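Participant: Here the protein sequences come in this chain order: A and B. Here the first sequence is numbered in this note's numbering, starting from 3 and rising by one per residue. Here the second sequence is numbered in this note's numbering, starting from 28 and rising by one per residue.
If you're looking for bench data, these hints aren't it; they were derived computationally from the structure. Hints are all accurate, no fakes.
Chain B regions said to be covered by chain A (calculated; three or more residues, Cβ under 8 Å): (1) 206 to 220; (2) 248 to 256; (3) 268 to 276; (4) 280 to 286.
Just so it is clear, the structure is predicted and the values come from calculations on it, not from any experiment. Positions of the beta carbon are idealized from the N, C-alpha and C atoms, including for glycine.
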Amino acid sequence: MSEIVLEARDISRSFMISQGFMRAKRPLHAVNGVNLKLHRGEVLALVGESGCGKTTLAKMLLGLLPPSAGSLELDGKPLASLSHLEVARIVQPIFQDPYSSLNPRKSIGSIITLPLQVQGDKDPASWRQRAEEIMELVGLPRRVYNNFPSQLSGGQRQRVAIARALINRPRVVICDEPTSALDVSVQSQILNLLQDLRQELGLTYLMISHNLAVVEHMATRIAVMYLGRIVEEGEAEAVYNSPRHPYTEALLGSVLTPDPSLGVPDTHLGAAYPNPLDMPSGCSFHPRCAKMMPQCAQQAPRPIPTESGHVECSLYKENEAKMRMTS
Amino acid sequence: MSDKILEVQDLTIDIPTPSGTLHAVQKVSIHVDRGETLCIVGESGCGKSLTSLAIMDLLPRKATRTATRLEIAGESVFDIGERRMSDIRGNRMSMIFQEPMTSLNPAYTIGDQLSEALRRHKKVSRGEARDRAVFLLEKVGITAAASRLGQYPHQLSGGLRQRVMIAMALMCGPDLIIADEPTTALDVTIQAQILHLLAELQREFNMGLILITHDLGVVARIADRVAVMYAGQIVETGTAEQIFKAPAHPYTRGLLACIPIPGQTERGAHLGAIPGIVPSLVGRMPGCHFASRCPEVRDSCNSAPIPQFQGAEPGRSVRCLLADEAAVRQPAQEGAA
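Can you build the whole structure from these sequences, using the hints too?
Facilitator: Written as structure tokens, this is what we have:
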């Protein structure tokens with residue numbers, strides 16, 4: 003069994019949301035009891051619709067937001083006991099939009115070397131050389147060292163963001179929609195780069211994405227999130243080939259593969275994503291579920307282990323989950 | 028003949044910049060029939076959005092538009108006055124934009140904005156406009172439509188807002204809808220629903236639809252015909268079947284290789300890539316625009332403008348010298364270059 007680099011145990015995060023002047027605040031449970039293990043070298047994809055809590059979860063894993071309940075362990079040590087700098091040495095983010103995640107007034111060189119400066123690196127003389135090494139690794143020409151972000155294309159900017167994340171050789175990289183702001187031909191270049199870097203540097207990725215075709219291509223494990231909970235988790239192959247949760251099925255069904263002989267799929271999901279302030283009773287997915295049963299509205303499903311992960315759905319019983327799989 | 032909703036010939040858009048004229052769109056010719064979906068696909072900066080804005084006459088003031096023909100339902104709308112154009116815009120043809128949050132007015136209710144679209148063009152009473160709004164909101168799948176009329180855009184989710192945008196585009200019963208990346212800002216599940224809805228409404232009202240997108244998955248599923256744009260030019264046209272099953276232009280082939288296809292692309296394997304970047308469109312380019320990135324480039328590609336070669340089947344064309352040698356023959360009569 004490979005080593006666990008990042009583990010979340012039953013973490014939750016709620017925000018107090020104002021309901022307006024003179025009205026009581028109400029809690030919004032953005033993340034609600036999530037268990038997650040990230041093994042060394044794997045690519046865990048976190049998928050779900052906007053508002054399901056993916057980004058809040060990522061922020062907690064990056065140590066940017068303390069969980070309101072539960073515990074996080076990084077490299078076997080509780081995250082709460084580590085300083086920001088220690089966390090930043092192990093986990094680094096790559097954000098979605100390379101147009102807004104780079105400071106427009108800093109040169110590429112100073113953007114890439116900033117993490118070294120922040121970490122109080124002892125040897126400033128070597129910074130330029132190390133920056134150029136990492137630039138070569140991510141496929142940036144050395145001559146852009148003194149350029150500014152506005153002079154680079156979107157793909158190049160995302161390479162700068164990757165270089166910045168990797169210069170301190172972190173172990174885990176959290177990619178929040180790394181390619182969704184990019185053009186198709188550039189997207190494939192960045193995905194190829196991320197794959198190469200993973201092998202070369204032994205990186206572990208947590209990839210947040212709503213592009214399921216990309217997820218399917220990159221991920222070794224998939225976690226499907228719905229309204230703050232992970233409703234299904236397992237090996238990529240198993241989740242793709244035989245999704246068990248009706249929500250996973252609907253998500254996979256809405257992937258538009260470029261096949262002109264197929265029409266637009268009908269997902270049978272109702273229009274509205276529920277208001278997270280006013281969660282449905284029982285299973286939070288039941289108002290949109292095609293396989294809803296009477297008890298779903300009353301009883302929240304418990305996680306049922308599957309052969310490579312778990313699923314949270316009342317369709318499955320303790321020992322039955324594996325059997326359904328094969329049928 | 029009356030089936031042709033839109034006919035554009037040799038549309039050219041030039042934008043003056045400090046460093047010279049930017050040839051954003053160069054001799055683009057498209058047409059849309061009633062009940063037909065044309066997808067214009069391409070990457071950012073290829074001129075696909077400018078093309079649609081030019082058809083709607085919504086270009087920025089400093090951009091110049093020329094064309095040999097620009098007809099909507101048989102009526103030439105080229106260089107007619109602004110007043111006549113605004114009668115047509117929103118009435119005969121309407122547009123759905125990418126970002127429903129910024130294209131709805133936050134200070135007016137949904138009902139006001141829907142009615143305005145109709146009352147601006149047709150002589151109808153408030154009550155009639157309201158009835159039509161409720162009817163269309165229901166059509167686009169919004170429940171409790173009557174109670175939504177009093178709501179403001181911020182009270183709706185992204186998917187609902189996009190549905191409102193679609194309802195608004197339908198208010199006057201247009202002949203043509205231009206949808207510019209209508210689902211890019213939405214979740215995959217909502218994307219499927221919105222596309223489903225657009226296709227259904229288009230059939231029901233027998234409209235022409237131009238869908239502008241960079242997502243080849245969307246194109247494959249919804250298009251009747253496809254026009255692939257690159258650097259201001261249409262490089263390939265054909266039916267969805269032809270484009271996806273037998274892409275003829277190296278750029279189209281490159282694009283298709285870039286996207287992972289679940290079940291077909293080997294997991295974790297390298298994806299195809301198109302090296303290099305889109306050329307600057309400032310100044311004249313002598314040869315093929317794709318030459319600098321093309322894996323099959325030859326000397327002749329850079330010397331002279333590449334004509335649009337017509338294929339054997341009607342509507343099939345490719346702007347590539349290699350394709351000329353292969354299956355398709357005969358340069359186009361218009362000599363589009």
